[in-house]
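Take 1445 as the starting number for the sequence shown in the working numbering and just add one per residue.
Check each hint, because a few of them may be wrong.
[Said to hold, decoys possible] Heads up, simulated DSS-like pairs for lysine-lysine below, C-alpha to C-alpha not over 30 Å straight-line: (1) K1998 with K2009; (2) K1712 with K1754; (3) K1745 with K1837; (4) K1977 with K1541.
[Unchecked claim] Restraint ranges, calculated between C-beta atoms of paired labels, are given here: (5) L1562 with E2085: 46 to 56 Å; (6) D1672 with L1823: 42 to 52 Å; (7) K2026 with L1910: 24 to 34 Å; (8) K1496 with L1823: 29 to 39 Å.
Hints listed in this document are in silico derivations from the structure and should not be mistaken for laboratory results. The beta carbon of each residue, even a glycine, is placed where N, CA and C say it ideally should be.
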Amino acid sequence: MVEIKPFGAWPSPITAESLSSGSVAYDTCVDNGSIYWCATVATEQGRGQIFKQKINESNTPPQALLPEGYDCLTRVHEYGRGSFKVSNDLIVFSNNKDCRIYTIINDEIKPLTPADTLYRYADFAIDTQNRFLVCIREEHFVNEEPKDVVNVVVSIDLNSGKETVIAHGKDFYSSPRLSPCNNELAYVCWSHPNMPWDFTELYHAKVEFENEQLNLRDLVCVAGDKIDESISQPKFGNNGTLYFASDRSLFWNFYSFDGKNVNLLLEKPLEQDFVGPAWRFNNSDYTPLESDASKLVVINKNFLAILDTKLKTLTNLNCKYDHFTYIRVYLDEEGNEYVIGDMSSPTEPSQICSYDIKNQSIAHIHRKSVATRLDPEYLSVGEEVIFPTTNGKSAYCYYYAPKNPKFKGDGLPPLRVLSHGGPTGSTDNSYSRAIQYWTTRGFAVADVNYGGSTGYGREYRNRLQLNWGIVDVDDCCNAALYLADQGLVDRNKLAIEGGSAGGFTTLASLAFRKVFQAGCCCYGISDITLLAKETHKFESRYPDRLIGEYPKDKAVYEERSPLFKADEIECPVIFFQGSEDKVVPPSQAEVMVNALKQKNVPVAYVLYQGEAHGFKRAENIKRTMELEQWFYGQIFGFPVEGIEGVEIYNFPSNKK
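Full structure from sequences and hints, please.
The following block contains the structure:
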């Protein structure tokens, strides 16, 4: 029998503990019949671990390669990734404990770079003969300013460790890639105030390695010097062809460089983005086939597809999954080709799979979802909703209805609006156990792709230029109001949550609009002037395009900053923050908490010692989710049992 119970208080089969299991796998690579990947281990204080598994032994548990004391992670650009690489059984990785590069040969771990430097390394490419590697090096200084940090491309001799700077002068570099056959190198670079999705340049050069160092010759700018475009993910096919993605058509499509000309790979560019924004290193949204480098396997919206560069055709493959990341290819001993990647769908959690291209079927599951699979009766599938927003435009969100076969509520459910980070990021409706945590408890969820999000082309992405704190706020508010107007959610129980830049949108929505009745801010920005003054190099000029130049446009910064409108916030807010966050320092949360305390607004603050930007430790992930639910229970008046609360300042009925 279905029991009537208040929305938000339904018992759920998803525990908060389970949300820290099964972290995302990244930097997947294939070498000599084995697949490797990296994943954070929440139960080991969030350290990065490298896993290895023989491709044809997918039923055997993967081998963890790093003993205690090693943490495969890089903080170049602060967001990292590209933390390891494998070539001919040689493993190279960045150790976050000391920022040195280490090698693993025959299970023996040795340092490659010296101790006691302020260098960080990321995004490795290894010469096919294992003579040298190429990577990004980021130099830091004591008491540095963002402008002091130096980014370059270096080559490192794999025997002596000798480093040679081979590209310098730009503010940022990424994606150094070596050709497997022609002694060639390609890399992407850009300078302030651009971000990698604004305007970048692609360079190509011949390389010569002698006397323990790499020399470049015939260096040319392939793209980005004559027209404004964002270029990313350069890759060489095994025939030496250089491929890359560019949004010169206003959407990220695929191109090649034949040594003289840049060529579009389809008959005409499509009005869709084939790749995502380069927030982190080593993204892989496509790859040339090993069996025929004139063909690419690409992500075509919700399909894997084969792009034939000779016929200029795009052919979808049949696969039960429809979301893909870190895709690679490999050939088996019989010449059959497979796609390896992290694959998921709205109903299937993320798993690392081998997909048989010829038979169009899943051949192996290498990394199964750690969390217990959710019974379909509990599963809420996100439906994309196009809703009207400001200035006669439309925006997008994924709507998840509350779903639990054992309970129903009285009236309409509360709504939890999610504002993603970035703000140049995006969300999709791939399976999220964290979202199901809420829907199985009786919450509706709206995951918003506000103007400025990627995946909809440059025009949609540029909506946020000089309008951060306006367009994103309008779209989050209008999503909530639209769903309320449709009779899907309770207009008096609307909450908004966001982390990082999404935390700013959360606070701005509460300060400048009267739509929401509660908010949750995770490591979010409250004073944009502090962001302009304190943040790291990668994002230090990001606000120039989102807000304006600082300090010239200081008045605009203050006008948009929720801190200076704290007296306008009327609803309760809970803050979660890491003590070691360098992207959004704790001061961002603390100035807001103190301001709300002084204005007599209900507020709670949770500071996690040792956490950085985004929580990685199992106990903190669990605590954050439980406390957010408990907080809403206090505010919206539904019972939440078994959770020890925290003090809510200025709140009269502060139950624990």
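Results for each hint:
1. In summary, the hint linking K1998 to K2009 is supported, as the alpha carbons are separated by about 15 Å, within the 30 Å threshold.
2. Pair hint K1712 plus K1754 holds up; C-alpha atoms about 14 Å apart against a cutoff of 30 Å.
3. In summary, the hint linking K1745 to K1837 is supported, as the alpha carbons are separated by about 23 Å, within the 30 Å threshold.
4. Using a Cα cut-off of 30 Å, the hinted pair K1977 and K1541 holds, with the two alpha carbons roughly 27 Å apart.
5. The supplied range of 46 to 56 Å is met by L1562 and E2085, whose beta-carbon atoms lie about 49 Å from each other.
6. At about 43 Å, the beta-carbon gap between D1672 and L1823 stays in the expected band of 42 to 52 Å.
7. Between K2026 and L1910 the C-beta distance comes to about 26 Å, which sits within the given range of 24 to 34 Å.
8. A C-beta distance of roughly 32 Å is found between K1496 and L1823, which places it inside the suggested range of 29 to 39 Å.
The structure is consistent with each of the numbered hints, conforming to all of them.
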